[in-house]
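There are 2 protein chains.
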Amino acid sequence: MTVLNNQATTATDSLPPPGSGESVNKTTTDSLPPADSRERVKEFMRQLQDTICNRLVELDGTGTFREDEWEREEGGGGRSRVIREGTVFEQGGVNFSEVWGKNLPPSILKQRPEAAGHGFFATGTSMVLHPCNPYIPTVHLNYRYFEAGPVWWFGGGADLTPYYPFAEDAVNFHLKFKEACDAHHPEYYPVFKRWCDEYFYLKHRQEMRGVGGLFFDYQDGTGKLYRGPHQDGPAAVYSEKVGDVKTRSWEELFAFIQDCGKAFIPAYEPIVKRRREMKYEERERQFQLYRRGRYVEFNLVYDRGTIFGLQTNGRTESILMSLPPLVRWEYAYHPEPNTPEAELYETFLKPQDWANWNTVTS
Amino acid sequence: MTVLNNQATTATDSLPPPGSGESVNKTTTDSLPPADSRERVKEFMRQLQDTICNRLVELDGTGTFREDEWEREEGGGGRSRVIREGTVFEQGGVNFSEVWGKNLPPSILKQRPEAAGHGFFATGTSMVLHPCNPYIPTVHLNYRYFEAGPVWWFGGGADLTPYYPFAEDAVNFHLKFKEACDAHHPEYYPVFKRWCDEYFYLKHRQEMRGVGGLFFDYQDGTGKLYRGPHQDGPAAVYSEKVGDVKTRSWEELFAFIQDCGKAFIPAYEPIVKRRREMKYEERERQFQLYRRGRYVEFNLVYDRGTIFGLQTNGRTESILMSLPPLVRWEYAYHPEPNTPEAELYETFLKPQDWANWNTVTS
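Chains as they are written, first to last, in the working numbering: chain A, 297 to 658; chain B, 297 to 658.
Hints are supplied without guarantee of correctness; some may be wrong.
Since the list gives no way to pick out one identical chain from another, each pair is judged satisfied if it fits inside one copy or across any two copies.
With a straight-line cut-off of 30 Å between C-alpha atoms, the simulated DSSO-like cross-links for lysine-lysine are [as the list claims (entries may be wrong)]:
id : residue 1 : residue 2
1  : Lys569    : Lys537
2  : Lys398    : Lys575
3  : Lys558    : Lys398
4  : Lys520    : Lys537
5  : Lys542    : Lys499
6  : Lys542    : Lys406
7  : Lys558    : Lys646
8  : Lys575    : Lys499
9  : Lys406    : Lys499
10 : Lys398    : Lys499
11 : Lys558    : Lys520
12 : Lys398    : Lys569
By construction, these hints were calculated from the structure, which means they are not laboratory data.
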């Protein structure tokens, strides 16, 4: 274990051993990945972790990241970084990993049966930040890349979970990711925003986790943009209306992912700066601890990243790094009417068109 | 909502409407349930809730139960009771429910496909207590009964989750349930104790939830005692060695369940009385909050009762009543060697023969 200050460590690169992946054969030549696809994506994911960690340390002012490098027995490993008891961040984890192996996890095979019988390679960076101040939202980011024989795709996104209702924060977050999307395809944001609303949903609570952002998966540059399970949902309906999108190359998708990664700091930093000096009392703290319970419920009951990690014999401490440092459950809690807490439930935990929200009149 | 003091409310009984269940046809006449099976089991489950709540209120001294009666849209309902911020119990929930309907939940169909196409009836009482004092263990109890067409069974058990290692507490808990078992069949305890060790196991942590107790399911009086999924585990191996057990009638199994229910107070009360005056410091409190995280992880990731409840459109607040009031997660925590916390991990979170533990030399 090494302690990171404002400097990122430069760990020795270790590529997957020869033969752990397989040669790529795909009928659509447009979307063939380059020979060094895995190395390039992995390098981007590591740099994204470095860039974000450095910026967060500056933003926090006092906290630093502890780093654990770890290896996975079946192949691969990662760098887990955790910041604790900072000035801004009560706890945050930024995790890079690359894993490879012979046997695909069932959660992947279910979605992409054509990947069966091939070795796989997956790399990604994920992050969850739990701020001290209840006026600063919790935020999550995850980008990932997957290859198995002839199959490859990118996935990921970012979503914001406020405790108190500030429309301008939700708007800023959405606009920055919309800009990143629009630079690559006009239909990315409308589809991936709806997909995010659908994914970060707690069915047993009939609540969204927060105000959403972007979510996408299985993006291989072909066919329809929505590839999720709910064929009757708003994301599927919208994507169906758009129809098959012109095939995009591996390079185009990788460029899109990189821009999404770069959008995070401009999307989140202004929110932190606006809220971090706001005074709060025990009431706001207690509500924050209570709402953090929903984060735990979502991650343990629904989150595919968590399930994938546990199924692939991932490193438990890194997978569960996303859980908040302190959490409260209260039986049958309901916010008082006409309070900020009630406004959160009524407006912010329901899908909204944040990119077109009128913050002047709201 | 009504507030319960030391008095249990007497809610109006409401039996499943005619036609919601179905006539019972089974080849083994020995194990036919009586015509009033559902009413009798339900009445027992309600009384068990009353008896336990009354005793807990006495034991706590200051806390009282809040009661919510609720109805389930698809059929049935329940009484949820919660005690909060008592002298002994920081939070506790004791829940009675009876549900019926036409469509069996997938979690049941997977285990008992012969129940397909029949209406079902299920009733049960479940309880989780989270004490204030870290020296008092958390405890869980659940008994349930299920009928669907020709199929019926009893299930349930009780298990203890200490934060600090006191062998005499684990021994007392196991001995009381062993007595209840032994009065009905000499092989119940050896099988159901092993099944409990197997069930309350966190695979991703490679830890047991606590010191176990009893766990059983699908008990219809026929065949082998173990009916769980792990055919190579110690419970299955032991049960296989015992072989098919002489058929027991519905009445015999119901009598067994009732004795298990009655064993709870003698199993748990002496532990509370021994530990409740023990002074503790911030260190013990922080360890308790940390270990409560494992309870959350188990209940949300593995617990079949929770999954069944969420799948059958159960009442979320009642299902998640088992979650602790305050919980802490800490990245990569390990107890210091040669501490009580380390002893918990090394001895108490591994299967032990508590019924034969020598508390004098331990």
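Q: Enumerate the violated hints, using their earlier numbering and listing them in ascending order.
A: 1, 2, 3, 5, 8 and 12
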